[in-house]
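S.K.: Listed below are the residues making up each chain.
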Amino acid sequence: MMPVWLTEREHATLVAACTRLIPADEDGPGAGMLGAPEYIDTLLGAFSFDPPRIWAGGPVSGRHGGPPGAFARFHRLNRLDELAWRTRIEGSQGLPERERNGPVVGLQERYRRGIEALGHDFAESPTEVQDDRLRRHQEFTDLLYRHTCEAVYGPPEYGGNLGGAGWRTIGFDGDVQPRGWSDAEVSGP
Amino acid sequence: MTLDAVVVGSGPGGAAAADVLTRAGWSIVVVEKGRNHLLDPEDLSRPATDFSNDEVKFLQRHFLGPDPLLEPRSFRTGVEDGDRLVVGDVNSVPSTVGGGGTHADGKVPRFREEDFRLLSTFGPQAGADVRDWPISYDELEPYYAEAERSIGVAGTAGANPFASWRSGGYPMPPGAPMYLATISAPAAERLGYHPYPAPTAANSVAYDGRPACNNCGFCSFFGCPIHAKGDPVALLTRVMATGRAELWAETFVSRIRWSGRRARGVDVIGPDGVERSVDARHVVVAGGAVETPRLLLLSGLEHDLIGRHLMVHFQTIAAGVLPVRLHGQRGRSVTHVHDDAIVGDQRAAAAAAEAGLPWIRGGMVEHGTPALPIMEAVLYPWGERHRQLMRDSPYRERLAALIMQGEDLAAPTNRVDLDPHVKDVRGFPVARVTYRGGRHELVASDHHGANLGAILGEMGAERISISTSPGVSARGGMSLAPESRHVMGTARMGDDPSTSVVDRWSRVHALDNVVIADSSVFVTSAGYGPTLTLVALAARAAAHLAGTELSPTGPEVSPGPG
Numbered sequence: 038m039m040p041v042w043l044t045e046r047e048h049a050t051l052v053a054a055c056t057r058l059i060p061a062d063e064d065g066p067g068a069g070m071l072g073a074p075e076y077i078d079t080l081l082g083a084f085s086f087d088p089p090r091i092w093a094g095g096p097v098s099g100r101h102g103g104p105p106g107a108f109a110r111f112h113r114l115n116r117l118d119e120l121a122w123r124t125r126i127e128g129s130q131g132l133p134e135r136e137r138n139g140p141v142v143g144l145q146e147r148y149r150r151g152i153e154a155l156g157h158d159f160a161e162s163p164t165e166v167q168d169d170r171l172r173r174h175q176e177f178t179d180l181l182y183r184h185t186c187e188a189v190y191g192p193p194e195y196g197g198n199l200g201g202a203g204w205r206t207i208g209f210d211g212d213v214q215p216r217g218w219s220d221a222e223v224s225g226p
Numbered sequence: 160m161t162l163d164a165v166v167v168g169s170g171p172g173g174a175a176a177a178d179v180l181t182r183a184g185w186s187i188v189v190v191e192k193g194r195n196h197l198l199d200p201e202d203l204s205r206p207a208t209d210f211s212n213d214e215v216k217f218l219q220r221h222f223l224g225p226d227p228l229l230e231p232r233s234f235r236t237g238v239e240d241g242d243r244l245v246v247g248d249v250n251s252v253p254s255t256v257g258g259g260g261t262h263a264d265g266k267v268p269r270f271r272e273e274d275f276r277l278l279s280t281f282g283p284q285a286g287a288d289v290r291d292w293p294i295s296y297d298e299l300e301p302y303y304a305e306a307e308r309s310i311g312v313a314g315t316a317g318a319n320p321f322a323s324w325r326s327g328g329y330p331m332p333p334g335a336p337m338y339l340a341t342i343s344a345p346a347a348e349r350l351g352y353h354p355y356p357a358p359t360a361a362n363s364v365a366y367d368g369r370p371a372c373n374n375c376g377f378c379s380f381f382g383c384p385i386h387a388k389g390d391p392v393a394l395l396t397r398v399m400a401t402g403r404a405e406l407w408a409e410t411f412v413s414r415i416r417w418s419g420r421r422a423r424g425v426d427v428i429g430p431d432g433v434e435r436s437v438d439a440r441h442v443v444v445a446g447g448a449v450e451t452p453r454l455l456l457l458s459g460l461e462h463d464l465i466g467r468h469l470m471v472h473f474q475t476i477a478a479g480v481l482p483v484r485l486h487g488q489r490g491r492s493v494t495h496v497h498d499d500a501i502v503g504d505q506r507a508a509a510a511a512a513e514a515g516l517p518w519i520r521g522g523m524v525e526h527g528t529p530a531l532p533i534m535e536a537v538l539y540p541w542g543e544r545h546r547q548l549m550r551d552s553p554y555r556e557r558l559a560a561l562i563m564q565g566e567d568l569a570a571p572t573n574r575v576d577l578d579p580h581v582k583d584v585r586g587f588p589v590a591r592v593t594y595r596g597g598r599h600e601l602v603a604s605d606h607h608g609a610n611l612g613a614i615l616g617e618m619g620a621e622r623i624s625i626s627t628s629p630g631v632s633a634r635g636g637m638s639l640a641p642e643s644r645h646v647m648g649t650a651r652m653g654d655d656p657s658t659s660v661v662d663r664w665s666r667v668h669a670l671d672n673v674v675i676a677d678s679s680v681f682v683t684s685a686g687y688g689p690t691l692t693l694v695a696l697a698a699r700a701a702a703h704l705a706g707t708e709l710s711p712t713g714p715e716v717s718p719g720p721g
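Sequence lines, in order, name chains D and B.
Take our numbering: the last position of the first sequence gets the number 226, and nothing is skipped along the way.
Take our numbering: the last position of the second sequence gets the number 721, and nothing is skipped along the way.
None of these hints come from the bench; they were simulated from the model.
If you're wondering where the values come from, they're calculated on a predicted model, not measured in any experiment.
Beta carbons: idealized from backbone N, C-alpha and C, even for Gly.
There could be a bad hint or two in this list.
Unchecked claim - With a straight-line cut-off of 25 Å between C-alpha atoms, the simulated DMTMM-like cross-links for lysine to aspartate or glutamate are:
(1) B/K582 with B/D662
(2) B/K582 with B/E405
(3) B/K582 with B/D291
(4) B/K582 with D/E127
(5) B/K582 with B/D463
(6) B/K582 with B/D202
(7) B/K582 with D/D169
(8) B/K582 with D/E134
(9) B/K582 with B/D163
(10) B/K582 with D/E136
What the hints assert, rightly or not - Between beta-carbon pairs, the in silico distance windows are:
(11) B/G184 with D/P105: 42 to 48 Å
(12) B/P571 with D/V166: 20 to 26 Å
(13) D/N115 with B/E348: 46 to 52 Å
Starting from the given sequences, assemble the full structure and let the hints guide the process.
M.R.: So this is what it looks like as structure tokens:
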């Protein structure tokens with residue numbers, strides 16, 4: 038699938054970078070193949086969708102009973118929600134209503150600059166070089182790592198955690214409504 | 160038509176007041192600045208379906224609000240920090256229909272008798288403003304019992320040897336203990352402590368038309384997808400079913416309009432951003448202990464005590480890693496607690512004496528375990544070790560935590576006021592929190608923290624660490640804002656208008672028809688979560704306002720086990 042906000046080149050850099058942050062092992066693929074770049078692309082391009090892909094719906098996903106599809110119906114944003122999330126994603130861009138307490142650098146700009154700083158040849162570089170560059174750009178890597186964790190261990194409806202594989206690699210059941218857990222499962226070893 | 164009352168805030172306090180007022184036949188509007196994700200927009204007397212087991216939505220994306228970009232607060236530890244140290248999320252409680260009730264895991268203990276007469280029981284402390292409440296536990300007890308019925312509380316009467324007296328049993332028996340508690344409670348008992356099932360507003364059985372909790376595990380920080388939690392959903396659905404209330408969500412109250420000794424109504428800014436005036440015979444303020452003093456200050460009330468004596472709970476967190484997996488993602492976030500650190504013993508008295516203090520009191524100790532994977536993953540380093548750590552899971556699967564909600568003594572320098580520069584999205588000054596724990600809190604934390612560590616040792620935990628929130632450096636300096644969402648005391652209750660903001664009926668001394676229905680009115684913080692106490696006080700204040708008697712509403716209480 039084509040990215041909605043990233044360029045294909047930027048997407049390729051994120052596939053490689055996310056895979057260094059959470060690498061593949063015998064239990065599963067790395068974060069780059071688990072949807073982390075797609076999660077980030079969906080957040081950066083959230084306003085390409087209607088409703089914007091900020092808050093997944095409820096109450097159940099269908100993965101543990103109940104009708105499927107509710108998580109995929111994203112919540113509508115109100116006027117102020119949209120202002121907050123556009124500011125967070127797009128930056129304040131000199132608009133007075135987004136700069137009441139000063140300018141805000143948006144996630145889009147942080148990603149565009151951060152990916153550029155990792156180098157045009159990042160995806161093709163040896164892993165030691167990739168790790169070294171990630172370490173040298175710590176502020177961006179901290180941001181990328183947080184989003185990678187959200188992607189791999191959050192609900193798949195946000196674009197990451199493909200087919201729940203991120204949860205499976207760590208033995209986590211994810212959302213469990215409406216099944217829940219029995220009292221015996223809660224209290225026993 | 161002039162409304163009988165406008166209720167500012169739809170959290171547990173505002174909902175409890177609204178419930179009493181509508182049952183008394185009053186026509187009211189409940190105004191809430193956050194969104195409505197709690198009630199069905201097609202029929203506000205029914206619960207909504209917006210909540211879900213979604214760690215991204217609730218913990219990473221401010222679904223329950225407030226969004227710190229829209230409604231920040233500022234923080235400093237004292238005037239020597241200058242105007243502020245940080246701007247952002249400071250002690251924020253959800254800004255949404257249902258307020259703080261939506262995100263809690265529902266531990267709702269009562270205070271103890273002596274919490275209402277702290278000064279006469281224990282005496283003063285240098286540097287703190289220790290006082291008695293103008294009301295007693297005995298006066299509040301019927302309202303505690305009613306609050307437990309109306310929101311639905313599960314517990315075992317008699318299980319806690321230090322509990323205050325009760326006029327009856329709990330409406331429900333306690334729910335299933337988490338696996339951790341089956342290890343921590345016996346260990347605590349072996350060391351002489353008295354753990355018991357936490358009184359919890361989560362249904363252990365079907366109750367009042369809502370289902371039993373199915374132990375999904377997404378409890379603290381999450382709205383309940385099946386409405387098994389005793390958040391204000393039970394109160395608010397009942398309020399809306401009377402037909403005498405409107406709910407105005409996404410509506411900000413910018414000012415109480417008043418002249419002389421009476422409020423005339425409030426100014427509001429609705430979802431369209433347009434400001435207008437609403438007339439009302441009475442105003443009930445329930446914004447929480449940070450937003451309520453902010454509104455009083457924005458309204459031009461000038462009592463010097465407004466915003467002062469902010470109390471949080473000074474949290475002491477002991478954590479250790481167990482060899483066994485605890486699967487803390489199943490069930491509620493905490494099922495057992497003990498009160499020994501509140502009651503104290505000879506060792507606590509000796510620790511106080513050694514520090515030159517007359518006495519120390521700790522707080523309720525929660526036996527809990529964290530359980531969610533994003534929360535865990537960001538704590539581990541990235542790279543080749545990441546996934547192995549996630550599988551071994553010393554944090555999510557094996558960490559045992561004992562968290563003490565330490566009593567915080569009131570101090571006039573700990574306060575809420577208006578930030579001189581930072582504004583919210585609507586252009587109004589935000590609340591600034593100035594807070595630093597006092598010597599009592601630090602000494603109590605040191606003493607009881609060591610005891611918590613010993614319990615973890617008895618449980619077989621390794622890598623035991625003890626920390627506090629706010630953090631304290633080796634040199635005794637305080638870190639940034641405390642994590643506690645328990646905020647209290649900023650419009651203190653008392654009989655003397657020169658030393659308190661509201662009277663014994665929670666009515667603002669200076670305004671005859673304005674009542675405060677949240678934890679702002681607390682005189683002491685106790686070592687217990689504030690929710691049940693603020694619900695009881697809100698219902699009592701509203702009953703007095705409407706001139707009605709307390710009338711039981713909840714389902715019949717059977718004499719439960721124990």
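S.K.: Against this structure, judge whether each hint is valid.
M.R.: Now for the hints, and whether the structure bears them out:
no., hint, verdict
1, B/K582 with B/D662, "violated, 31 Å"
2, B/K582 with B/E405, "violated, 29 Å"
3, B/K582 with B/D291, "violated, 36 Å"
4, B/K582 with D/E127, "holds, 21 Å"
5, B/K582 with B/D463, "holds, 22 Å"
6, B/K582 with B/D202, "violated, 35 Å"
7, B/K582 with D/D169, "violated, 41 Å"
8, B/K582 with D/E134, "holds, 11 Å"
9, B/K582 with B/D163, "violated, 32 Å"
10, B/K582 with D/E136, "holds, 10 Å"
11, B/G184 with D/P105: 42 to 48 Å, "holds, 46 Å"
12, B/P571 with D/V166: 20 to 26 Å, "violated, 59 Å"
13, D/N115 with B/E348: 46 to 52 Å, "holds, 51 Å"
In this structure, the hints that do not hold are numbers 1, 2, 3, 6, 7, 9 and 12, in rising order.
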